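A.B. asks: So the sequence lines, in the order shown, correspond to chains G and A.
Per this note's numbering, the first sequence runs over residues 1 to 631.
Per this note's numbering, the second sequence runs over residues 1001 to 1232.
Hints were generated in silico from the structure; no laboratory data involved.
Computed from a predicted structure; not experimentally measured.
Here are the simulated SDA-like cross-link-like pairs (lysine to any residue), alpha carbons at most 25 Å apart as the crow flies:
{"id": "1", "chain 1": "A", "residue 1": "K1061", "chain 2": "G", "residue 2": "D616"}
{"id": "2", "chain 1": "A", "residue 1": "K1033", "chain 2": "G", "residue 2": "D616"}
{"id": "3", "chain 1": "A", "residue 1": "K1110", "chain 2": "G", "residue 2": "D616"}
{"id": "4", "chain 1": "G", "residue 1": "K627", "chain 2": "A", "residue 2": "G1058"}
{"id": "5", "chain 1": "G", "residue 1": "K169", "chain 2": "A", "residue 2": "F1059"}
{"id": "6", "chain 1": "A", "residue 1": "K1166", "chain 2": "G", "residue 2": "Q549"}
{"id": "7", "chain 1": "A", "residue 1": "K1155", "chain 2": "G", "residue 2": "L541"}
{"id": "8", "chain 1": "G", "residue 1": "K173", "chain 2": "A", "residue 2": "S1091"}
{"id": "9", "chain 1": "G", "residue 1": "K624", "chain 2": "A", "residue 2": "G1102"}
{"id": "10", "chain 1": "A", "residue 1": "K1155", "chain 2": "G", "residue 2": "Q549"}
{"id": "11", "chain 1": "A", "residue 1": "K1061", "chain 2": "G", "residue 2": "D163"}
{"id": "12", "chain 1": "A", "residue 1": "K1195", "chain 2": "G", "residue 2": "Q549"}
{"id": "13", "chain 1": "G", "residue 1": "K627", "chain 2": "A", "residue 2": "L1054"}
{"id": "14", "chain 1": "A", "residue 1": "K1166", "chain 2": "G", "residue 2": "F85"}
{"id": "15", "chain 1": "G", "residue 1": "K592", "chain 2": "A", "residue 2": "P1199"}
{"id": "16", "chain 1": "G", "residue 1": "K624", "chain 2": "A", "residue 2": "S1057"}
{"id": "17", "chain 1": "G", "residue 1": "K387", "chain 2": "G", "residue 2": "D363"}
{"id": "18", "chain 1": "G", "residue 1": "K624", "chain 2": "A", "residue 2": "G1058"}
{"id": "19", "chain 1": "G", "residue 1": "K624", "chain 2": "A", "residue 2": "T1101"}
{"id": "20", "chain 1": "G", "residue 1": "K624", "chain 2": "A", "residue 2": "G1063"}
{"id": "21", "chain 1": "G", "residue 1": "K169", "chain 2": "A", "residue 2": "S1057"}
{"id": "22", "chain 1": "A", "residue 1": "K1061", "chain 2": "G", "residue 2": "W100"}
{"id": "23", "chain 1": "G", "residue 1": "K223", "chain 2": "A", "residue 2": "S1091"}
Distance windows between CB atoms, simulated:
{"id": "24", "chain 1": "G", "residue 1": "N55", "chain 2": "A", "residue 2": "L1227", "range": "49 to 57 Å"}
{"id": "25", "chain 1": "G", "residue 1": "K624", "chain 2": "A", "residue 2": "K1147", "range": "38 to 46 Å"}
{"id": "26", "chain 1": "G", "residue 1": "A509", "chain 2": "A", "residue 2": "V1181", "range": "39 to 47 Å"}
{"id": "27", "chain 1": "A", "residue 1": "N1103", "chain 2": "G", "residue 2": "N289", "range": "56 to 64 Å"}
{"id": "28", "chain 1": "A", "residue 1": "N1103", "chain 2": "G", "residue 2": "Y102", "range": "23 to 31 Å"}
{"id": "29", "chain 1": "A", "residue 1": "L1227", "chain 2": "G", "residue 2": "V584", "range": "51 to 59 Å"}
{"id": "30", "chain 1": "A", "residue 1": "T1202", "chain 2": "G", "residue 2": "N55", "range": "46 to 54 Å"}
{"id": "31", "chain 1": "A", "residue 1": "T1106", "chain 2": "G", "residue 2": "Y102", "range": "23 to 31 Å"}
One side only, chain G facing chain A, incomplete, derived with CB under 10 Å:
{"id": "32", "residue": "N90"}
{"id": "33", "residue": "T228"}
{"id": "34", "residue": "A234"}
{"id": "35", "residue": "G601"}
{"id": "36", "residue": "A602"}
{"id": "37", "residue": "N604"}
{"id": "38", "residue": "L607"}
{"id": "39", "residue": "G608"}
{"id": "40", "residue": "N615"}
Glycine residues also receive a C-beta, built at the ideal position from the N, C-alpha and C atoms.
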Amino acid sequence: MKKIFLITMGAALLVTASCKKDSDFLDIPPKQILPSDIVFSDPALALAVLGDLYNRQLDFSGLDNGWASFVDFSEAFPSENGSAFFVTRNGWDFGEWNTWDYAYIRELNLFIERATASTALAAADKTRFLAEARFLRANYYFEMVKRMGGVPIITSSFTYNGDVTDLQKPRAKESEVYDFIISEAEAIKNDLPADVNQKSRASKGAALAMEARAALYAGSIAKYGASTPQVTLAGDEVGIPAAMANGYYTKALAAANEIINGAAGGYKLYQVLPNLSDNFANLFIDKSNANQEPIFIEDFKVGSGKVHSFTVNNQPYSISDEGADAGRLNPSLNLVESFEKLDNTYAPIPTTDGSGNPIYYDDQLDIFAGRDARLAGTVLLPNAQFKGEHTDIWAGYQLADGSIFTSGNANDLRNLPGTPESAKVQVVGQDGPINGLEFRTQSGFYVRKYLDPATGSGRRGRQSDVAFIRYRYGEVLLNAAEAAFELGQTSVALNYINQVRARAGLTTALTTLSFDRIVHERRVELVFEGHTLYDMKRWRLAHRVWNGQQMTVAELVSNIGSATKKNTQPFGLWPYKIYNPGNVNNGKWIFKEVKPSAVTGANNFQLGNYYSRINDNILSANPKLVKQPNQ
Amino acid sequence: MKYRFHLIILMILTAGLASCKKDNYEAPQSTFKGRLVYNGNPINVEYEKVSIELYQSGFGKVGAINGTVAQDGGFSFLLFDGDYRLIIPNSQGPFRWNQTTGNRDTLSVKVSGDQTLDLQVTPYYLVEDAQYNVSGREVTATFDINKVITDANAKDIENVTLFINKTQFVSGTDNIVNAGVAGADITSLNNVTLKATVPNITPTQNYVFARVGIKIAGVEDLIFSPLQKLTL
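Bound conformation, chain A alone (with noise of 0.2 Å):
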């Protein structure tokens, strides 16, 4: 039998096309992204520390759509249309959000195309007026301290630290460098000092990210000041 090549290729075009038409969900294409603020400051927290999470009802099984807070206090979802309730999980967060007592309420959200919403906290403590002095490889971080919550809700600081990395991520796991005080030892909150001297970085770079960050007594999450970066 004699192949009939325009034949062929006729059917391979056919099913092809026929092919084309999608067999799959859409993808979620809008946007929901925000930022953690105090009166209009991002919080800045350690990246995938603070979570966020997202509940959707109505279509049989409920389960979290879960996210986390990016180091600048930063959050986005990709997301379908639709109606969500979101919380900050209990004790979450260097902060207290949406809640009267020791428990978070949800919040509405209603997504329909991209959406940028800030969640307003209210931070425990914050690092204020963050000036950091180099010399040689010496960094001083002078900053003030703000205690944001004074009433029957405050809590301690149990220590307050000066991190240094190499890289933009810097925090208490990621970190070459790093000097502390407790918080019993603070006498004021004013102008509070940190030093410490960075070690010779292999390869060489001469410049370092730096940042302070509280611990707070009694919450996991650090509050930090924004990133720094130094140059050595």
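Here chain G stands alone, though its shape is the one from the complex (with noise of 0.2 Å):
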């Protein structure tokens, strides 16, 4: 009886158990994957997302990519052996920098889709991650529009019905692209904050920033591209109607002046420490609110997997953290050169005297004095200081007849001649430079800007958290300035170029303004911030300058300040040391230009080159694009 009864319970029991559906069973929701219905209820969750999105932005240098997106166009020395090809090349591939994302524009497309559906999220937070992701997609396209000309522009996201060729889009106009991006900075710049310590979000100061830069960048096409008439397109893909330039230069300036007056924040030039060149420098490291000039970084923090290696690739090698891991990225002559005066004139490194003999330097520092202050804030010259140690770069002795004495590594003590055989001595710098030695100097200058002087920055386990600035008040002012100057608004011009130069110490204002100037201030202010080949690019000097033709010392120091100054090989300074006891210039420094030996191509930027390739797949993909033209 005990036995039936158990054996009736345990069916009851069983059937009772699986009278549960099989729908309820099967259907359980992922515990991986969150459903973009989830994902649009909660604002934390959405932020990720966009966080994501953040992470995807393209920039042409950044920190994480590496130093070497900064090394390129002779603006600096390769000081790694497998990256020599940067001086060995006679120029670029039609497909370099080349970018066709169009799954990161699909993903920022569905973002704003879906959060424009959810009716979860809270209006406030809802408006400002779209106008967020509509900032991120203009940048991007930006980006694009920078490399490629003029792209397809895709605002919302496809859905493939069986029929490929309603997916297959033609380019835009250059210019339509551009318009876009003006149209959207417009329309979304009230919907972000206005404040000025809102820096790795966007904020109103970014669309507007972004904005200024874009008109810019089209007016000038537009102005300039007349000069290249082979760099264009039938139907404008490629290329903007000259009379189009004026338009877009006073939006330029209009954004512009919309952040100088305040309209969206606080935002003023660095100006905190007293030594101007210690505060050009501090203003890529200072994080804290007291810096009020960046706009837009990328941001990093010790600690939470978001760091990068700039400091370990490229710190000075005698005062590195990492033993050998050093020295990369040599900054050139080519620059240093164009670093003008206190008294606004140009003038080379003073290296000889008007008849040709060496000039004799107790410093090694004092060849470099009575400059621009932002040479020792951008470089790191022989005998700088950094983390409180002084850099060793010195290429060996020169002997009383002239002859040089060095050896090829520093730790190789050697005899003077005429010194007993106990007095030895190191005869080359630990930071070089000696040719062909990598991860020391090889051009005599290390790079300042970005260097963490943080303790461990330059360690491996620990790397560096400094931002990458990827829009900053200074370029604004330089914006507006260029702006301004274009539509003949010189006084407005003069104005604002003036201010970003008395915080490097020209406090003598110009009074006159020309091309050449402009094109140098931004050489100097800009330089490895990732603006060189965009701004060669809408210029249309890149293939002037980057000719492909060899360079002589003679050419590297004549013509300084010249917009068209030939640019095609990264010169160094080598500083050598005089041994002459009993000579009144013993032990004092001399200088020589030299062209470092691995330097053996001359940049070649064709009409190629100005608009990058894209490649056959896509091309093969979409018959409706056009070829760029001169490939």
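Mind docking these for me? Both chains are given alone in their own frames, and the hints should help you get the complex.
C.D. replies: This is the structure in structure tokens:
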């Protein structure tokens, strides 16, 4: 009896348990994937998606994609033997710098559509998220149009319905892409916070700065594109008609003025430290609220996983936290020469006097005295300080007879002529320069911009969290100055450009302005910030400045400040110590202009390089796309 | 177990023979080559600067087979037999080719076996009768400039330059010395003279290569005179 009861109960339990519907059992919400309706019901989750989209922004130069994105264009020499191709090649492939990431555009479009459809998000959150996503989308279109010219403007997600031709869109005109960026910035600027301390998320200032830069680029392509009629396409997918130039310059000036007038928050130039060079260097380091110059940055944080090894890669070898991991990015003498003297004149670094005799200096830094403070703020000079120590940059001794006494290794101690066997000394700097010896400077300079003075910043285990500044107030002023100059408002332009110069110690205000001055000012202020290529492209100077011809020292030291000065090969400045006991010059320094031996190629920017090649896969998948010119 | 070596050897031989069967596509074998010519004379350009594209349709995706013209105007492709369309893309080369307007048209090419095809182009200018005179280390080039296109499509000379290099690659990029004159400063197209002094070459060599290039306004590629080896 008891047995029957047990069996009956067991059967009953089984039957009732299996009464649960199959669908209840099988339809389990996945735990590792969040469906979009849940994501867009919680502001924290939506922000996480947006964070990923922020992280996927494309920059020309960036700290997390390494030192190598700064080294090209003869502004620096790569002291890493595996990267010698930068100076041995004769130019760039037509496909260089191309981008075509419509997967990113699609995800931005999906984000915008889903956030718009969401009913659970608070209105304020929703407005801000939408504005941020539209900012990122416009910013990526800006990056595309700079590299590729006109591209298809896709503002909604596509659904494949069996006919692929519906998804094939032709390229928009180059001007239409710029118009899109400008109109998007105008549309979203008031949805974004006008907060000077909001630096790593889009703000009103960021939208306006993007608008100003985009309009300026479009204006200059319209104006200077007239000088290269070959770099156009019949449908204006590449090239902007000259008649549109003034309209764009006006928009650029208006957008920049909005930031300058404080409508987007109290941005101002960073002027905190008394030493102007330290002040300029600190502009890129200081992340406190005292720094109101950065408008939009890519931020990093030690210990969070988002760090970069810029300092590890580029710290001076003799001061390295990480042994041989050091010294890759060496600014060129070409760049150093372009920093003007404090009386606003251009002059080469004085290595010889009028009759060709070397000039002797007591201290290595003396040769760079009396120059634009941004020189020592951007470039770590011989004998300059970093982390409390001096760099040890010298190429050897020069003896009384003019011969050079040196070694291929700083730890190889030698007897100077006439000294006893026991008096062996170091005969070359720990930081080089020695031709071909990587990780020490080979140009005679190290980079200082972004170099992090924090303890441990040069260790691979810690790395650095110096931010990369995408838009800053200094550039906005220069954009405004250029736009005003092109519009004939020279006094407005002078006011803006003189503010930037005064911060760098050039307190004698300019009274006249020329195109060459503007080109020069952007070069010295914005070098290593990812502007070089795009500036040279939009002014249509690239094929003239990088014309593929070898350079001589005589060419290097002449025509400084000319916008069309050839800049095809990076040079170095090597210090030598005089060894001539009893002579008045014993122990003093002389300097020589040197072309590092690895520099064999000369940059040749062809007309086909102005707009990067759209690769054959893309062209083949969409027959409506037209090819780039001159390729 | 006793190893039977003759069986093992037999197995290896069988496997070896069986795997001799080709498992790959045949490589293209037909050489398609030619030169850029005008009136039977080759057009000298800079190497790897003037490109030629071949298209073959019918195989799914369409993409160009790219080639570039050598310094002496020659080009060559290794192709499968078939029908191709050839184009020198717009604005490539210091010449006009297969065009009545600004846009160039394609040329149908049927490849079956080795084939030579010279492409007739019309250069804007030609350097003719280039004579080189060496005295010490000074090289003097004397030549005539022939303006070939004189109609509405004519273009001006931007500059004319004598290039000298220690190897046979001589161009704006590859030279050890050059001497030029701006187009506006040329008064007569006949007997133009350019002089350059060859610097010391390390390691020493007693010969150089020279040619004269014309940069035409609005055209990226230079047109050169034939290469000349000079003994110093």
